[in-house]
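Visitor: As you go down the protein sequences, you meet chains A and B in turn. Just so you know, we're using the numbering used here here: the first sequence kicks off at 1 and counts up by one. Just so you know, we're using the numbering used here here: the second sequence kicks off at 1001 and counts up by one.
Heads up, a few of these hints could be off.
[Said to hold, decoys possible] Chain B is faced by these chain A residues, among others (derived, beta-carbon under 8 Å): (1) Gly30; (2) Pro84; (3) Ser88; (4) Arg90; (5) Val91; (6) Gly95; (7) Asp137; (8) Gly138; (9) Val139; (10) Asp140; (11) His148; (12) Gly187; (13) Asp189.
Hints listed in this document are in silico derivations from the structure and should not be mistaken for laboratory results. Being a predicted model, the structure only gives us computed values, none of them experimental. Where is the CB? At the ideal position from N, CA and C, for every residue including glycine.
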Amino acid sequence: MPWSFAEKCEKARSVEDIQAIFSREIRARGFSHWACTSHVDPLNPPNGAVMMFDYPRPWVEHFSAQGYARRDPVFLTARRQALPFQWSDRVFRRGLDAGQAAILNEANEAGIGDGFTIPIHAPDALPASCSLVIGPDGVDPLHVREAHWFAVFAHERARRLLLDLTPPKKPVLSRRERQCLELIAQGKDDFAVSVILGISEHTAHNTVRRAMQKYGVATRVQAFVRALSDGEIKLEDVAS
Amino acid sequence: MIHIVTAENRHLFRHALMEMHQQRKTVFVDELKWRLNVESGIEIDSYDSPSAVYLIEAEAPRAPVRASVRLLPTDRPHLMADVFPHLCSGAPPAGAHVWEATRFCPSPDLPKGDVRRGMLSRMIAAVMETALLFGIERVTYVASASLAAVARDAGWITEALGAVHGSGRDALVAMVAEIDAAGLRRVRERNGIGAPVTRFTPGDVARAA
Chain A
1 MPWSFAEKCE KARSVEDIQA IFSREIRARG FSHWACTSHV DPLNPPNGAV MMFDYPRPWV
61 EHFSAQGYAR RDPVFLTARR QALPFQWSDR VFRRGLDAGQ AAILNEANEA GIGDGFTIPI
121 HAPDALPASC SLVIGPDGVD PLHVREAHWF AVFAHERARR LLLDLTPPKK PVLSRRERQC
181 LELIAQGKDD FAVSVILGIS EHTAHNTVRR AMQKYGVATR VQAFVRALSD GEIKLEDVAS
Chain B
1001 MIHIVTAENR HLFRHALMEM HQQRKTVFVD ELKWRLNVES GIEIDSYDSP SAVYLIEAEA
1061 PRAPVRASVR LLPTDRPHLM ADVFPHLCSG APPAGAHVWE ATRFCPSPDL PKGDVRRGML
1121 SRMIAAVMET ALLFGIERVT YVASASLAAV ARDAGWITEA LGAVHGSGRD ALVAMVAEID
1181 AAGLRRVRER NGIGAPVTRF TPGDVARAA
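Same shape as in the complex, but just chain B (with noise of 0.2 Å):
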């Protein structure tokens, strides 16, 4: 189950939440070396706040977190325009309907290989079923050559928004995707995805029960 977590249910998920930045610090800054901030013993950056939505994969609110991504509105500061307007030749899409994806992160656990590119097609079909709920036409991402080429194998319909910058695993891409539903059945299908993979839980319902 991968459950959506907003501003309105998050206090219902604080170990989940507190166990993915934890993931993302192992994974992005201890596994892949990358330079970000743990300035706080966690990664955690000026882009989570309450404002970000956040995917994260776990059987229960409160059991270990299996993967998980990060979802910005592009109303406000997002990585795309801050860091990465050199990947797009033109504006970075943004506005109340575009939503840009950033960290994605597959818990230091899960096994490499046929079960990571599962989750990753059942994250695509997580965002394309979220941005759907939220009246979200286009999901923006940065990805290296190879998340690109995995994303378009599970049948998300993407387009670069520049060239590619680099060259090898250091290789980045920027793409748009459009959300439809018909795209949403396509990335089902291809891979073999029978029901909705996520879950809104209402952070009031929850508390009253």
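One chain only, chain A, in its complex shape (with noise of 0.2 Å):
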């Protein structure tokens, strides 16, 4: 799990920080390009959009310019779905107009080809997503799980920097959801959680949606990360 990563974030004190961090690890686990950023015109965003990219700069000035922010068909799929997806998956591809996939063409010809976005939803967030493009020599599958933490990471600590949050005062979650949420971001599923706390799977699973109802988010590694960052968590309860 990314304890270091999400301790460097914690101590990052700018989006500056928070972009260079995040670079360097997604580039060390053989990503070429990414974009951590909510669902507007690149170069006209507004206030609290969080803007973190590394794209080749002609591909973003062409994105901006055709107005794709509300056309592109990644956006649009981040937005209806929580779970991470793939751009060369069948069930992404059968979903696409040929407009879409025009969109998708032309990206593949400015350099990004294949590649995962992860959706990020929050009620108190702009829409928005982080897509990682797979380098020339590839990416190991192992890091793509890994990839995902910190892209939820580095958007949360973005999103608190940039809105200047304040974690809340009173907690939000039971000791029970916390202690799901701590195995959960252990790589525990349902079924270990339920072993572990003695209770039954069909209970862990619900508990873990309660968290995520709790915060408005649509993935169990947002909902720790939102515990971690509001600080119900702590982080040296986890890493081990």
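Assembling the complex is the task here: the two chains are given apart, and the hints tell you how they should meet.
Guide: Spelled out as structure tokens, the structure:
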């Protein structure tokens, strides 16, 4: 699990710091480009938008000039879907119309070939996602999940820095919800969590769902990262 | 050519491994509707680790993947002990000389029928070659009733570890296969396989080249 990454993000004092930390870690894992942004025009972002990216400049300009923020199938899919998806995935490709397929072909020519998009949903943030482009030497599949955590950590930290948020005073999570999220962050699934806490798999699943609902987020990774950034879960309790 | 991919040479096969995990998502989750974790956008679970050995059929390390299978050491967490112990009437075979084969996945583009059966025979030969190479004496696996029959027809001497559970397409049975040179010869003869089907590309040699 990416604890040292989370720690570095927590210490970062500017969005530029986070951008540099994220870029270094992501490139070390074989990704060639990345964009962790709100779904807005990248060259004319509104206030509060998270805009961290390292994409080929000509593509960013083309994307902005064509108004692709409203039509890009990756953005549109990331708005409807909670879980990450790969751009070459058949289910994703089947859902595209000709215009959308054309946008992906243009991106391919600009050096954005295959990769993953991690949707980021929260009631108090602009729709956002993190896209990671697989570099020419490939990415080990074992690094994909890790990259998913990095992306959510980086986005959450950048959002907090931009909005200058302070953590809420009252805890949001129950003790049981906190325990479940901590175990999830250690790589356990519902079944393993149920065995460790002596509860049913069904209860474990629903407890995690309740924590996600409290934060209004759509994935377990995001729920954990929210709890961490609100200070309800301490890194030293999970990093082992 | 069926490539043997281990911790030592997996950096040469990143594209093939990624395609394998994507095919596993397409075949097991989208088509067969197995309830597996796809939280990363591909099908990958906690048993996928550097200690797993993968057999991947592809003309070259960067060519399209035609089929894959995952081999897990049984002296660490594996599915037969964690998920399928109820399929075994006794303790599941485990230890330094036992592997477990899981996630046999033909490419979603591979035609059904004879082509797919031929692929399975080659994969069985590949599992046996690889097991012999690594000093593995027995290989366990969980099969549907139809897959168990195809494996038997291919000449693999196998034994059920317990009763068949479930019925029809959902029927599952735990199996163990003994690995020896005579068995490999029999599988090759019965399936018209004249030469070794596997290749191991050492990680460091290719780096130097």
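Visitor: Would the stated hint for Pro84 (chain A) survive a check requiring a Cβ distance to chain B of less than 8 Å?
Guide: holds (4 Å)
Visitor: Identify whether the interface hint at Asp137 (chain A) stands, where standing means a beta carbon of chain B within less than 8 Å of its own.
Guide: Nearest chain B Cβ about 7 Å off; hint holds.
Visitor: Does the CB of Ser88 (chain A) sit less than 8 Å away from some CB of chain B?
Guide: With a closest approach of 7 Å, the Ser88 (chain A) hint holds.
Visitor: Would the stated hint for Asp189 (chain A) survive a check requiring a Cβ distance to chain B of less than 8 Å?
Guide: holds (7 Å)
Visitor: Once the shortest beta carbon distance from Arg90 (chain A) to chain B is found, is it less than 8 Å?
Guide: Arg90 (chain A) check passes; min Cβ-Cβ to chain B is 5 Å, inside 8 Å.
Visitor: Close enough to count: is the Cβ of Val139 (chain A) nearer than 8 Å to one in chain B?
Guide: holds (6 Å)
Visitor: Under 8 Å is the threshold here; is the Cβ of Gly30 (chain A) close enough to any Cβ of chain B for the hint to stand?
Guide: holds (7 Å)
Visitor: Holds or violated: Gly187 (chain A) as interface residue toward chain B, Cβ cutoff 8 Å?
Guide: The hint holds - Gly187 (chain A) has a Cβ within 8 Å of chain B, the shortest such distance being about 6 Å.
Visitor: Is the hint on Val91 (chain A) kept, meaning its closest Cβ partner in chain B is under 8 Å away?
Guide: Hint holds; Val91 (chain A) Cβ to chain B Cβ min 6 Å, cut 8 Å.
Visitor: Could you check if Gly95 (chain A) really has its C-beta closer than 8 Å to a C-beta on chain B?
Guide: Since chain B brings no Cβ nearer than about 12 Å to Gly95 (chain A), farther than 8 Å, the hint is violated.
Visitor: Going by Cβ atoms only, is His148 (chain A) closer than 8 Å to chain B?
Guide: This interface hint holds because 6 Å falls under the 8 Å limit.
Visitor: Against chain B, with CB atoms and a cut of 8 Å, does the hint on Asp140 (chain A) hold up?
Guide: Result: holds, 5 Å to nearest chain B Cβ.
Of the numbered hints stated above, the single one contradicted by the structure is hint 6.
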